[in-house]
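Enquirer: Please take these sequences and the hints and turn them into a complete structure.
Here are the chains, one letter per residue:
Protein chains: 2
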Amino acid sequence: MKILVSNDDGIGSVGINILVEELKKVGDVVVIAPATEQSAAGHSITMKNPLRVKEHFVDNKFFGYAINGTPADCIKIGIKNILEYNPDLVVSGINNGSNAAINVIYSGTVSAAREAAIMGVPSIAISVDSHTPEHYEYAAKIAGKLAKFVCEKKLRRGTLLNVNVPDLSEEEIQGLAITKQGESKWDDYYEERIDPYGEKYYWLTGKMEYQDKEKDRDVIALKNGYVSITPVHFDFTDYEMLKTMQSWNLGLLK
Amino acid sequence: MKILVSNDDGIGSVGINILVEELKKVGDVVVIAPATEQSAAGHSITMKNPLRVKEHFVDNKFFGYAINGTPADCIKIGIKNILEYNPDLVVSGINNGSNAAINVIYSGTVSAAREAAIMGVPSIAISVDSHTPEHYEYAAKIAGKLAKFVCEKKLRRGTLLNVNVPDLSEEEIQGLAITKQGESKWDDYYEERIDPYGEKYYWLTGKMEYQDKEKDRDVIALKNGYVSITPVHFDFTDYEMLKTMQSWNLGLLK
Chain A
5 MKILVSNDDG IGSVGINILV EELKKVGDVV VIAPATEQSA AGHSITMKNP LRVKEHFVDN
65 KFFGYAINGT PADCIKIGIK NILEYNPDLV VSGINNGSNA AINVIYSGTV SAAREAAIMG
125 VPSIAISVDS HTPEHYEYAA KIAGKLAKFV CEKKLRRGTL LNVNVPDLSE EEIQGLAITK
185 QGESKWDDYY EERIDPYGEK YYWLTGKMEY QDKEKDRDVI ALKNGYVSIT PVHFDFTDYE
245 MLKTMQSWNL GLLK
Chain D
5 MKILVSNDDG IGSVGINILV EELKKVGDVV VIAPATEQSA AGHSITMKNP LRVKEHFVDN
65 KFFGYAINGT PADCIKIGIK NILEYNPDLV VSGINNGSNA AINVIYSGTV SAAREAAIMG
125 VPSIAISVDS HTPEHYEYAA KIAGKLAKFV CEKKLRRGTL LNVNVPDLSE EEIQGLAITK
185 QGESKWDDYY EERIDPYGEK YYWLTGKMEY QDKEKDRDVI ALKNGYVSIT PVHFDFTDYE
245 MLKTMQSWNL GLLK
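Chains A and D supply the protein sequences, listed in that same order.
Counting with this note's numbering, you get residues 5 to 258 for the letters of the first sequence.
Counting with this note's numbering, you get residues 5 to 258 for the letters of the second sequence.
Rather than coming from a laboratory, the hints here were simulated on the basis of the structure.
What you are looking at is a predicted structure, and each value in this text was computed from that prediction instead of being measured.
Don't take each hint at face value.
Which copy? The list can't say, so a pair holds if one copy fits it or any two copies do.
Simulated pairs of lysine-lysine, BS3-like, Cα-Cα distance not exceeding 30 Å [to be verified]:
hint	residue 1	residue 2
1	Lys217	Lys29
2	Lys84	Lys217
3	Lys149	Lys219
4	Lys6	Lys152
5	Lys227	Lys84
6	Lys52	Lys204
7	Lys247	Lys217
8	Lys84	Lys158
Expert: Below, the structure is given as structure tokens:
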């Protein structure tokens, strides 16, 4: 099994190192990841700037390719120009901090997996629910097991698995849950400051507001100590609204 | 009707100017848009850099607020810190180039509308299918009519309308079509070049591959001369795959 690994925290982050160690047990791993942190990069791609590919070494050993771009760029240029073949699987992570509910939309980790899905490659995004994780190893273990599982079970074309793991020891984990993307979102707040030149600037900050209640929502499963696994697709059509709209009299618009 | 207007081509682009002129006929317009071009910004937001808000003038008259960030940033900081109230509608565009099929995922224009939808504000993304449009005015007219229509008909919470307009005169337009997001995608290609220092770099390029066939797909409707209107939601859950996964024996993963 050929596995392409990427992330959004950057090629030098702890999470990707631990993930690579684990995935080497189940397949041949190639790392193609952003040179610098790309948190909240969403599904942005680089069009108006040139990309560069640099070999990245750890302890004098080749670790992978660092790209001066976004997670989605890494998958695109990785598959098109570095690998020149479709890998069997893309795994993105292990992200520092959960990518559940509304954060799925802003997530660079998820976008690397989504780019793979667009290119027809099954993929997994994996995140651990802490900004100072103590249990990366358990998340890595789940990634390894899911990698094998996905290759057996097959995902439908265009689907990725968005996996969020509580920052708990294996004994404390309550189980695994198949979930839906929640609707909980950040209560955003822009902190106003004055720079040394007397000009105003703003920092985005805020805290997650738990609006979901159902147990089968990603954020709630996670909060309850479950590993949350959500299938995500790149078809963003709102089929419920589509039905309603088919009864609209668009003649009014002409 | 209070309308917040944004885009991804930047506050100084032609499309947003023409859109604003038209929308002033149906409501009070406030412009909060990126200071510079943000094409393919996806749904990225700025977290690790401060944002700045600058008043932007056209012919010595105040036109709107320019933000050194992404389209989604503009909506967030616009609603939270500039307006300090929820507008009745957000309109994003008029984008130079279509945002249909797979481009919906990379689009900054759509992400401004999606950010509004997340914040509970009905929204419209509008694009014209040419990189050198000759018929912005017709697209603006459609935006104006849809603005009124959406306020009457109501969208469900979390839905935006992604509107793509052929670059044709009103007489040549075949009609309006309610559509689904297509699956046609770019056949990406990275052009390899050597910089003056002897180092390799890559430019993303490619061309759209029409993989869709059904008339009710956005790209096909557009190609056939119809104004395409696709409802898009921020819930990315793959409900079809979810059903399949509920029969998976996750015990294997423990």
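Enquirer: Each hint should be assessed against the structure and marked as holding or not.
Expert: So, going through the hints one by one against the coordinates:
1. Lys217 to Lys29: neither (38 Å within a copy, 42 Å between copies)
2. Lys84 to Lys217: Intra 42 Å, inter 26 Å, cutoff 30 Å: inter-copy only.
3. Lys149 to Lys219: within (24 Å within a copy, 42 Å between copies)
4. Lys6 to Lys152: Close inside one copy (11 Å), not across copies (52 Å); limit 30 Å.
5. Lys227 to Lys84: So Lys227 and Lys84 pass the 30 Å test across copies only (28 Å; inside, 39 Å).
6. Lys52 to Lys204: both (29 Å within a copy, 16 Å between copies)
7. Lys247 to Lys217: The answer is both: 27 Å in one copy and 20 Å across copies each meet 30 Å.
8. Lys84 to Lys158: Within one copy only: 23 Å inside, 43 Å across.
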